[in-house]
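Chemist: For reference, the chains in residue letters:
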Amino acid sequence: MFERIRSDFWYELVNSPVTVVSAIIIAVMIIGCTFAPVFAPHTPFDPATISIMDNNMPPAWADGADPRFLLGTDLQGRDVLSAMLYGGRISLLVGIGAVALSVVIGMTVGLLAGYFGGMTDAVLMRIAEIQFAFPPILIALLFNGILKASLPADVFAQAAVPIMILAIGLAGWVQFARIVRASAMVQRGQDYVTACHAIGLPTPTIILRHITPNILGPVLVLAMLQIAVAIVTEATLSFLGLGTPLTQPSLGALIQIGSQYLFSGIWWVVIFPGIMLLVMVVAFNLVADWVRDYLNPRLR
Amino acid sequence: MFFLLARLVQATVVMLCVALVGFLVFQFVGDPVLSLVGQETSVEDREALRESLGLNDPILLQYARYVVNAVQGDFGISYSFNRDVSEMIADRLPATIELVMLSGVLSLLLAIPAGIYTGIRRKGGIAQTIMALSVIGVSIPSFLLGILLILVFSVWLNWLPSFGRGDVAVMFGMRSSLFTWDGLSHALMPAAVLCLFQLGVILRLIRAEMLEVLRTDYIRFAWARGLPGQRVYFRHALKNTLVPVVTAIGLQLSSLFAFSIITERVFQWPGMGSLLLHAIGQSDIPLLAAYLIFVGLVFTISNLVVDAIYVLIDPRIRHGAL
Amino acid sequence: MTDILCKTQDLRITFPHRLGDFTAVHGFDMEVRRGEIVGLIGESGAGKSTVGNAIMGLLSHPGEVSGGRIELEGENLIDLSDAAMARLRGRRIGMIFQDPMTSLNPLMTVGDQLAESIAILQDVPMAQARQMASDRLDGVGIPDAANRMGQYPHEFSGGMRQRVVIALAMAGDPDLLIADEPTTALDVSVQKQVLDLIRSICVERSLGVILVTHDMGVIAETADRVYVMRHGKLVETGPTDQVIHRPTQQYTQDLIAAIPSITHREDRFRNPVKKTGEIDQWLLQGHKGEGTGDYVTASALTKDFATKKTSFWGKSGRFRAVDIPGLSIKRGEVLGLVGESGSGKSTLGRMMTGLVPPSSGAVSYGDHGPLADVRTRAARKALRRDVQVVFQDPYSSLNSRMRVDHILAEPIRFHGLAERGDIPRLVGALLERVGLPADAGRKFPHQFSGGQRQRICIARALSVRPRFLLCDEPTSALDVSIQADMLALLMELRRSLGLTMLFVSHDLAVVRQVSDRVAVMKQGQIVECQPAEALFDTPNHDYTRMLLATAPRATGH
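Residue numbers (the numbering used here), protein chains in the order written: chain A, 10 to 309; chain B, 79 to 400; chain C, 92 to 648.
Worth double-checking, as some hints may not be accurate.
Said to hold, decoys possible - No farther apart than 20 angstroms at their CA atoms in a straight line, the calculated lysine to any residue pairs in the SDA-like style are these:
1. C:Lys283 <-> C:Pro528
2. B:Lys201 <-> A:Arg301
3. C:Lys472 <-> A:Thr214
These are calculated hints, taken from the structure and not from any lab test.
Produce the complete structure using the sequences and hints provided.
Modeler: Below, the structure written as structure tokens:
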């Protein structure tokens, strides 16, 4: 009676303006930040272009501002807007990269545990359980912190982004493994899988060609939610000084820098990067919510 | 009963593995001897120290020793403070527990009614507003929220103090800063920050579960039998949402401890979180390992409590039907 | 003539949808009197459940009554406010649903649920309600009622649970009871008991009952009058006897004709017309010379499943699902395997097709030798080409993310049965052979109806050119009229392609229509195995006799 047909997707999408706006915001941010060198009016990461004389300027509409710096400058004379674009780039890079890693590990573990069951399942899930005892943020903190303490400062600075991707990615795979495992177990019990056995198809084919497409829905929803979480985790790590070096600050580090001068009335270094961070995370959460509701046939 | 026994065994195994992780961190990150004595000591002296610390014994023996010590509360000496690790944790623990308890209670008090309300009334102005706020609550990074609250309530309005822990008083045989007005005013903002994320998560979870349950056949049959609304929602629907919700709430406890690290940093609250950050910065391995084990313990205990609650709620588990 | 208890007049129910409103029920008239059971029969999508829901005021969103009246003793229910309607439910109208397991709150004892309903609806104090609850449980036939009050739903069997559900629905002593497919989820032997219970309370309390079902046999045995529905409209109505034996409308006649008879094997199934499609030549290729003798033999076959441990120290229990000394199927014959749920028939079928390994014993094929010896990849592939399965659930047996033509092409490609370029043509021909248009391949499974999906499953099974087909309840999930077509297709294919079949089903009538020999299973064992005619006409075993006696029959023809 109420089969979901293709055009339903666009109809449902358009009917949710909040989601459309969020999706547009995400797209704009991704494009803007990826091409930061093109869009940013300044290059805040290049020490040669910064002048300490320009520091602490308020946003362009306030008194004593310099129109060159639309959103003001920080204590080192870096243009806040440009720093936000470059910082946002790091946030998105780490967020999406870490989740990609989590998805790969989580899906592999989940598919193997869910399809084969028995010993494989028991062993894999015990490992997952033990890791799950530690909140991901703690794992990321420790991983990052220990590496930072072990590596020479300049090596760490260079490798900050990949290290964070690794830390957050390794901290977050367990959730994916769980939902993939649950989904895979359901699929395994479906008759079409038995039909595959009856045909004699080899196991890798069954897992990859048949089961995987059927479990992607929940994975997609979780991935988007986790990107939001990963972005916040990265910002938190940077805020705590364990992430990107202060010479190439991500949004979290910018906020940390700005927070030191909050009492002297220099609010723009905290507020603008803060708003960007918040909007980015909210947008991902809203789109994830919409996708989850769309994929849930019973909420129609 | 069998169910609980099995869980207890499982929990012990998990704790042993957690202890193993702590131990491995202890063993392989950095060199304990170097951290203790520095560069000037001679090679012979270092070797002697190694021997006396038992660092040349087989790994399994060292691990066993570590576990036995840990069970007795001995986690070694902190490298940076040169004090007993367990002493330091005991020092700082009450402050963190205050925060965690306050935010835990706050988040449950707010999330449960709100979650039930938005589950029953899906549409409608209030429900939509609550949902919108919950999205923001789940999205805003706690450090950002902390800074903003400080900006508004300390800098602009000057209503609340922006850092530190307040005065302590004794009530019911316990010392806590929550028993004084000064203490409460110091704890309010950190607790608010810490509870917001959990509040959002639990609210959304309860709502989702309520929606699921309200869709079931037995609820439909309850309507068909003519049971009044209050009955259906609270006697039938609510109890059935409890199982997954209780699980999630149990998990939140260790999450609260983890997030308190950040909150303590922002508000300079003298709890375990700041201790951990210090330990990371100084590569103070014994402290790190002890913290890990502590978190693992919190997780395991809350899991066991959750399992015990399961058995009380769901008769199918008692009868082994699930 | 007694007064009319409930009636609908020109009832119209619509489900608004952005692509155009869907009218589920058009201009439907119906009446129910006290003390009579009125049947509402139709196939899926006929709107029969929708009528029941509308009377209760429980239409699923976004359904609404867009025209006509629903009267309860003269009062129009449509005009009532939500609150007024809520007061009617349970007190004047009761309703029971199909699945007793999901109708009961799993976390409350049966006694608590019943006492609660009685206390609220009859407005009596709890202590009294508990006593009444115990009495009523006894009244619906629950043995040892007083002690079972403290038990939870999962501790009752399916039939017992449905009795509890009936007691709950009657807690407020309503005048009208709507029973929506009350026995569909139950075994045949239990069905009769529940229907008898409904009949007896109808008579005792002068209840008006609306019995919604798709099963004509249930109507024939229980209903006084029947309304036949199709696509939301009334097709025919009258006393049960008259509608079943002397139907006036074509649809009703077709519907009754499609019901498989339990008393004799119809000609169209016994001697199907042999068809040939262009694909038959390809399908018959590559088969070894047909020998005589058995296609497959099972000897000393058992299958055990582990049950959960009940105590920490005990070993986990073993549950023997199948235990047979021997069973063989001759080449070209159709063996019907019949039994109730839990009899092990599906498990046996899967063991004989090599899909489930036995716990002990052996399965041996005429063409491949003992199953245990089929070890090399090539040998296993060869076996899978010969032995195929058609499953029960048309919804889970097709991968909803794959296009139909890919689903059919995959086995052909995997076994290398045709040149790449030839495959699309073969797929189209296969689809046509099972009665679907050749271009159906471009669609996805969810775009087809249940019967069509089942045809796709048959096409998939045929795509590897099998000699042996296991049909595991292939028509149980289908409407009666579609069922007949499906059986006809299977019989025709069997004749044209010379297939050997193992046909598993719980429906005796269906088994009678298709089988040459029949084996009856009970709790893992074969209690009787005879040629079909002999088994149905002169059964040897008590259990077979019991099954034949309790199966609801629509017609005596």
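Chemist: Each hint needs a verdict: does it hold in this structure or not?
Modeler: Quick rundown of the hints versus the structure:
1. C:Lys283 <-> C:Pro528: Since the Cα atoms of Lys283 of chain C and Pro528 of chain C sit roughly 42 angstroms apart, the hinted pair is violated (cutoff 20 angstroms).
2. B:Lys201 <-> A:Arg301: Holds, because 18 angstroms separates the two Cα atoms, which is no more than 20 angstroms.
3. C:Lys472 <-> A:Thr214: holds (15 angstroms)
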